[in-house]
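Following the hints, complete the assembly by docking chain B onto the known chain A.
One-letter residues, chain by chain:
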Amino acid sequence: MNRELEKQQQPVVTVEDLGIAYETRAGDIHAVRDVSFEIYRGETLGIVGESGCGKSTVAFGMVNYLGRNGKIAKGNIYFQGQSLVGRTPEELRTLRGDQIAMVYQDPMTSLNPVLRIGAQMMEVLTVHRGVSKEEARERCIEMLGKVNMPDPDRVMERYPHQISGGQQQRVIIATAMLNNPALLIMDEPTTALDVTVEAAVLDLVDNLRREFDTAIMFISHNLGVVARVCDRVAVMYAGEVVELAPVRDIFANPQHPYTQGLIRCVPKIGRSKSSSVLYPIRGRVPSPKNLPPGCVFEPRCDYAREACRTQKITFRPIEQNHSVRCLFAEEIDPAAWTPSEDLMPQTLQAIPAEEREPILQVDSLKTYYKHASSSPLSLIGLGPKEYVKAVDDVSFTAMKSLTLGVVGESGCGKSTLIKTIIGLEDVTGGKVDFMGFDLKGSVNTRDMSTIRELQMVFQNPNATMNPSYSVGNQLERPLRRFKVVPKNQIRSEVIRLLRAVKLDEYYYNRLPNQLSGGEKQRIGIARAFAGRPDLVLCDEPVSALDVSVQAAVLNLLSEIQQEYGTTMMFIAHDLSVVRFFSDYIAVMYLGKIVEIGPAEAIYAPPYHPYTESLLAAVPIPDPTIQQEHVRLSGNVPSPLNPPSGCRFHTRCPRRHLLPNDGKICETEEPPLRDAGDYHQIYCHIPLEQLREFEPVFEVPAEGR
Amino acid sequence: MTTAETTAGATLPAPAASEPSRWKKIKEGLSFFSRSKVALAGLILVGFWVLIALFADNCLITPRCYVGMVQGDDITQWATSEEYQSWLSRYSPVEQFRGRNREGPSADHWLGTDTRGRDIWARLAHGSRSILTLAPISVIVALIVGGTLGLAAGYFGGLIDEVMMRILDAIISFPQILLYLVIIAALGASATNVVLAITIAGAPGIARLVRGLALDIKTRDYIAAAQTRGESPWYIMFVEILPNARGPIIIDSMLRMGYAVFSIGTLGFLGLGLPPPSPDWGSIVQAGRSAIQAGRPWEALWGSIAIAMVVVGLNLIADGLAEESQRYR
Chain A
497 MNRELEKQQQ PVVTVEDLGI AYETRAGDIH AVRDVSFEIY RGETLGIVGE
547 SGCGKSTVAF GMVNYLGRNG KIAKGNIYFQ GQSLVGRTPE ELRTLRGDQI
597 AMVYQDPMTS LNPVLRIGAQ MMEVLTVHRG VSKEEARERC IEMLGKVNMP
647 DPDRVMERYP HQISGGQQQR VIIATAMLNN PALLIMDEPT TALDVTVEAA
697 VLDLVDNLRR EFDTAIMFIS HNLGVVARVC DRVAVMYAGE VVELAPVRDI
747 FANPQHPYTQ GLIRCVPKIG RSKSSSVLYP IRGRVPSPKN LPPGCVFEPR
797 CDYAREACRT QKITFRPIEQ NHSVRCLFAE EIDPAAWTPS EDLMPQTLQA
847 IPAEEREPIL QVDSLKTYYK HASSSPLSLI GLGPKEYVKA VDDVSFTAMK
897 SLTLGVVGES GCGKSTLIKT IIGLEDVTGG KVDFMGFDLK GSVNTRDMST
947 IRELQMVFQN PNATMNPSYS VGNQLERPLR RFKVVPKNQI RSEVIRLLRA
997 VKLDEYYYNR LPNQLSGGEK QRIGIARAFA GRPDLVLCDE PVSALDVSVQ
1047 AAVLNLLSEI QQEYGTTMMF IAHDLSVVRF FSDYIAVMYL GKIVEIGPAE
1097 AIYAPPYHPY TESLLAAVPI PDPTIQQEHV RLSGNVPSPL NPPSGCRFHT
1147 RCPRRHLLPN DGKICETEEP PLRDAGDYHQ IYCHIPLEQL REFEPVFEVP
1197 AEGR
Chain B
8 MTTAETTAGA TLPAPAASEP SRWKKIKEGL SFFSRSKVAL AGLILVGFWV
58 LIALFADNCL ITPRCYVGMV QGDDITQWAT SEEYQSWLSR YSPVEQFRGR
108 NREGPSADHW LGTDTRGRDI WARLAHGSRS ILTLAPISVI VALIVGGTLG
158 LAAGYFGGLI DEVMMRILDA IISFPQILLY LVIIAALGAS ATNVVLAITI
208 AGAPGIARLV RGLALDIKTR DYIAAAQTRG ESPWYIMFVE ILPNARGPII
258 IDSMLRMGYA VFSIGTLGFL GLGLPPPSPD WGSIVQAGRS AIQAGRPWEA
308 LWGSIAIAMV VVGLNLIADG LAEESQRYR
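As you go down the protein sequences, you meet chains A and B in turn. For the working numbering, add 496 to where a residue sits in the first sequence, where the first one is 1. For the working numbering, add 7 to where a residue sits in the second sequence, where the first one is 1.
Here chain A stands alone, though its shape is the one from the complex:
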């Protein structure tokens, strides 16, 4: 947007020096300080930052929804030229009218589960605008059509639980758009959704902005998502905006050291750990109770100087449309940046293909859950037996000392697969061969040496440690149990483990609630590696962490893997992370592996149409990369009654390539197509045709 245009146009919302404080027993806590920005019509302003940086607080401040102890301590918010600060709730209502709408993170909790979708949507019009019921209904159906909801008529009659998460989010967005708001605030609207659904919702957001000319404030922690939908981006750190610039500038020419750090710690799509490194930002976000005296980022900044420590830094423009909160922004050249010594990751040695040996061989593994059918006979155990086929006929081989990544949408059986291997679920059929042992039955039937060789790293850092025991206590337990070291050396071994995950000795007596998410995840990793296992199964170990912490944990995992020569299975829904970390990748859909092969082969044609759609949906933190537009329709079908033939046929965007519009896909299981080098694709489309697919995106040249 150029200057002349800006002058003609009045911003929809202007935030000036906004400060938000929460009153606590220990005095006011200033969660947000000196935040200024404006949003124009038809513009999307992205707000990014790690958790605890005050992103959501700003949003809540704008709609005056700060809770009992929150208050706007300073500054002003102008909405369409009128101040929103210091007004009573009634005045605010008339000022704002229905001109500001908000979309929250979790679609399930934003809809009332006991009301039909239609009733909830129509209420917005009938109650606030006095529109007649018939007209309201018509407008709701029209709006549902605009958010690409299939069959809007019928959706109006459904209850929220009867539609999928992606559709729920569409309903919420449609409801928000009903009054044609001037400002739409979206707080992490896609974080709870799968990549494929996320991509569709992001497309929708972009279309709506164009069509309705709405100003959108888009909050996200995901740089890729922001890169896809935003025009301008404000980077927030510890309650302050540290950089504000057009999206291309933010990614191509970041000026603030924090922005640079954020971009450096996200894995680039198509890069692996052998060809690139992640540089985590050291330290962590300071608590608003305990801010550094000068620049808030100074303690973590590689360029900090004396001047940074003593004075508050002002937010100043350095170029047109590009402002930054840094004293030395002009002097910092991100290209000349070198990682400090303790962040230097080790160089990884790749294991040559001929030396790779299998450690885990899974042969047509099946895990079914019994499902009580709705028939009244099942009450007395006579009803027809129904099974949820969570993992159905899966075969693969994991190579020693290498990582096998598993990707797929939620509900495709990734977690069940590794839970079956480790023995938390019972094997329904098939065989798991681990170093010559046949793994069957649950953990308690296995002998101690097998149990010791298989360990797991969990997803949720807050649930991975028992909150009642100290760190040392919880690390000692596996050591005692597996008799890793003699009794008198247990303490020193725990300290060695702590050091291995880059934590100091004094963490020994810490309780889990005194640790940050990243620290808890490190302890979880230390606990998994305590018994020196041969195979570690990681279930989304980094997906709940902030990007800078994620980078550190990924580095740590690969370092430990290198040191012990451990084999890993790595589940993640983020395809950039999986690509970065894995040597082999298996793509799962509805309990089946649709494609498996070396990581680099998965990300380039030939690939399975499902892999292609996943790749097309990944949000890439680089607005210059052009992604092919492939979107999946519909939802993952129920594993209770999976589609016949190829399970993907109901959603496959490439089916029309086959004669008779892919009749064969509905009737026959897809054959295995071997693309060589252990790259296998299960698809009816011949390999030659698969090879001809356009790559989803050009992987940028290697290098930093």
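There could be a bad hint or two in this list.
[Unchecked claim] Examples of chain A residues lying across from chain B (beta carbon under 8 Å, computed): (1) N940; (2) R942; (3) Q951; (4) F954; (5) N956; (6) A959; (7) M961; (8) N962.
[What the hints assert, rightly or not] Covered stretches of chain A (in silico footprint by chain B; criterion: 3 or more residues with CB under 8 Å from a CB of chain B, positions within the stretch not fixed): (9) 917-928; (10) 973-985.
These are computed hints drawn from the structure, not numbers from a lab. The beta carbon of each residue, even a glycine, is placed where N, CA and C say it ideally should be.
Chain B alone, transformed into the frame defined by chain A:
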């Protein structure tokens, strides 16, 4: 070596390598009462009777008193012995003052005297002893039984859960007072049987609570981590699950303790409590009941107030705990 995640600004202080001292733990516990006004009121009400129970006479420093209690001697033997000295109770609970029956409060007898001319204050003071020991013991026993059943039902699930909970439901379906009556009537009135009755009536409720907590906690990742270490179910139940369920369990037991005091009072009132001449609070109310219409409500009134003080006090502490635990959730 610095960690990758030292806090920005001031680094976290490295604490000394020792566990927090006992004194610090006690101080933390006390600071809870200074934060919560409700709990403090409760503590004062209950603490009053605890002090009275401890220092009613010189039992605390006289070994023979304990021996007598363990052997099950009734209070008369101790209260009339050579060594007996009244402290806070002022008089012996069995001493009968001739010609001073059913008197109202006076300087001699603060709360008046009962039908036999015994000092009511002395009897209440001694009566607090039995009630303040029986109530916690019965709740603890109920907690052990109910907690174990609930943990097993919640953790194993399936048929074990189904069978156990149905049996417990059957017990719950009887009115509690009926259960007490049946058990005491069948087994006879004694301290042990009172504990037994309260355990049988209380355990199902505790089992339900613990089962619910176990169902929730067993889905956490650290339970899966313990399972992948091949830990035994009992280890997981008692070491991994139970400590994390302690908050609600403690609050619930405080409330239950109140109910137990109430129940023991009720049993005494119905003549199923401790046999006379024990100064049981329930029996004091019962004995005083007939005098109310004669215009001498003192005995019944004081007994009821004493029971109410302890019950209300325990409930207030439970409220304070619940409030506090929610504040930090």
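Tested hints:
no.	hint	verdict
1	N940	holds, 7 Å
2	R942	holds, 7 Å
3	Q951	holds, 6 Å
4	F954	holds, 4 Å
5	N956	holds, 6 Å
6	A959	holds, 4 Å
7	M961	holds, 6 Å
8	N962	holds, 4 Å
9	917-928	holds (count 3)
10	973-985	holds (count 4)
The structure shown violates none of the earlier numbered hints.
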